[in-house]
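Q: Each chain is listed here by its residues.
There are 2 protein chains.
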Amino acid sequence: MKPSTLFSVFIIAEENEAVKELSSGLALMGFACAIASREEIVRQVVESATDLVLVEIDGRSANSRLELSRRIREERHLPIIALVSRERLSDLDDDLNIDDFVITPCDVPELTLRIKRLLRKPSNRRSGELINCGNLVIDMGKCAVSIKGKSVALTFKEYELLKFMASNRGRVFTREVLLNKVWGYDYYGGDRTVDVHIRRLRSKIEGSSHIFIETVRNIGYRFK
Amino acid sequence: MKPSTLFSVFIIAEENEAVKELSSGLALMGFACAIASREEIVRQVVESATDLVLVEIDGRSANSRLELSRRIREERHLPIIALVSRERLSDLDDDLNIDDFVITPCDVPELTLRIKRLLRKPSNRRSGELINCGNLVIDMGKCAVSIKGKSVALTFKEYELLKFMASNRGRVFTREVLLNKVWGYDYYGGDRTVDVHIRRLRSKIEGSSHIFIETVRNIGYRFK
DNA sequence: GATGTTTTTTAAAGACTTTTTACGACTTCA
DNA sequence: TGAAGTCGTAAAAAGTCTTTAAAAAACATC
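Protein chains in written order, with the working numbering: chain A, 6 to 229; chain B, 6 to 229.
Derived from the structure by calculation, the hints contain no laboratory data. Do not rely on the hints blindly, as some may be mistaken.
For chains that are exact copies, the list does not tell them apart, and a pair is met inside one copy or across any two.
[To be verified] Using 30 Å as the maximum straight-line C-alpha spacing, the simulated BS3-like pairs for lysine-lysine come out as follows:
1) Lys-155 <-> Lys-126
2) Lys-126 <-> Lys-25
3) Lys-126 <-> Lys-186
Please take these sequences and the hints and turn them into a complete structure.
A: Here is the structure:
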């Protein structure tokens with residue numbers, strides 16, 4: 006994490022001394038913090054350039070705050086960390102809307118590390134999602150594919166097929182499944198269609214150096 | 006997490022009082038724990054039915070333990086939690102091989118919750134997609150078989166045969182039954198076919214060390 | 001509507017897998 | 001001990017699936 010990249014953190018909590026202290030602690034670590042406690046902030050969070058949300062889960066407002074984080078998640082996929090008291094730990098039992106938690110009172114170094122780790126996860130990067138397989142890069146934001154930095158022109162179906170397979174690396178897909186997932190559940194047509202697309206994809210992305218798509222006889226194909 | 010499902014946790018740490026206490030604390034929460042500290046355990050972890058690994062990162066062995074977790078990850082995608090002292094926190098800065106961490110001395114409820122949350126993530130579920138027999142692993146999602154971490158190339162029928170027998174371990178199958186279950190109820194062909202496939206399977210998965218398929222004279226074959 | 005591009009279909013060639021056949025070794029039972 | 005049945009192996013034959021190329025159809029653009 007370069008110090009030059011400034012990440013912006015939204016803290017949803019009562020604005021008391023402890024929280025203010027936390028906020029300035031994070032500011033010291035290079036995060037731009039904002040504190041708010043009203044519920045109307047969902048809009049604000051979603052629409053602003055927020056990178057990550059901290060939600061305080063305390064006695065009185067536990068449920069409403071969990072609900073809040075759920076709503077934020079629904080609108081935009083933003084990493085969320087709960088600040089939770091030891092007593093309220095069990096509230097997080099079933100909640101997968103929250104990515105991580107720390108027990109209050111907060112230890113700033115621990116929280117900082119947790120924030121960093123969440124922001125480093127590729128799926129949480131603001132930068133449009135990328136799939137990165139060796140020297141093949143699929144930029145799903147741009148719908149562009151490049152290999153060793155050189156961009157490769159794929160047709161729509163080729164791109165969709167590659168994207169699907171690459172985002173489930175290692176798994177074997179039958180032609181039928183590919184037809185379902187890439188062409189759509191209601192597509193009616195022959196298996197050979199898949200073969201042909203695979204062939205063209207291969208001819209575009211595979212040189213003599215690397216093989217990306219493996220055929221698994223009697224079953225289908227796999228992206229390696 | 007139903008209480009009926011028993012998850013198995015491997016703790017890599019010095020076996021001191023604190024760790025033993027932690028282990029029994031987790032046992033109380035319904036986890037089957039095993040402790041080990043030597044490095045040779047990579048094999049053991051990968052080959053056993055372990056669901057999750059705890060790695061203690063302390064002063065002396067920090068780097069080697071991190072390396073260890075990297076190696077475990079390489080062999081099999083298993084969730085890993087670091088038990089780390091406050092002073093060693095920064096060692097986790099760049100390490101994405103570790104899924105989560107807790108600061109020692111451990112708070113058992115917190116650790117339990119972190120374990121639960123990791124195991125609940127779909128990508129970490131044992132999910133019935135993996136058959137694990139000693140050092141033989143059948144990954145049904147990838148349609149891949151590996152033995153001591155080394156992947157083995159099987160043909161379709163070999164794979165199907167192995168999958169069927171391995172998922173009914175200990176049971177004896179007549180050739181007729183195998184023909185029915187693997188080849189299909191309407192298959193018409195001779196018994197020798199089974200023998201030949203068994204032979205080729207054996208030659209691929211059995212070394213001098215382990216025998217997986219046992220011949221039961223006058224009846225048929227049995228796995229393990 | 002003509003043109004060029006993308007997608008699907010078709011069919012033959014090729015590669016690999018599976019089955020059959022045949023035979024030797026081994027076990028069981030009279 | 002010999003006959004009958006069972007099992008393991010190798011090689012050839014049969015079969016199946018995949019690749020390939022080329023043509024037809026669908027689609028988009030002007």
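Q: Does each hint hold? Answer for all of them.
A: Against the structure, the hints come out as follows:
For a Cα distance limit of 30 Å, the shortest separation of Lys-155 from Lys-126 qualifies both inside one copy, at 25 Å, and across copies, at 29 Å. For the identical chains of this complex, Lys-126 and Lys-25 are intra-copy neighbours only, at 27 Å inside a copy versus 33 Å across copies, given an alpha-carbon limit of 30 Å. Within a single copy, Lys-126 and Lys-186 get their C-alpha atoms as close as 26 Å, and across copies as close as 23 Å, so both meet the 30 Å cut-off.
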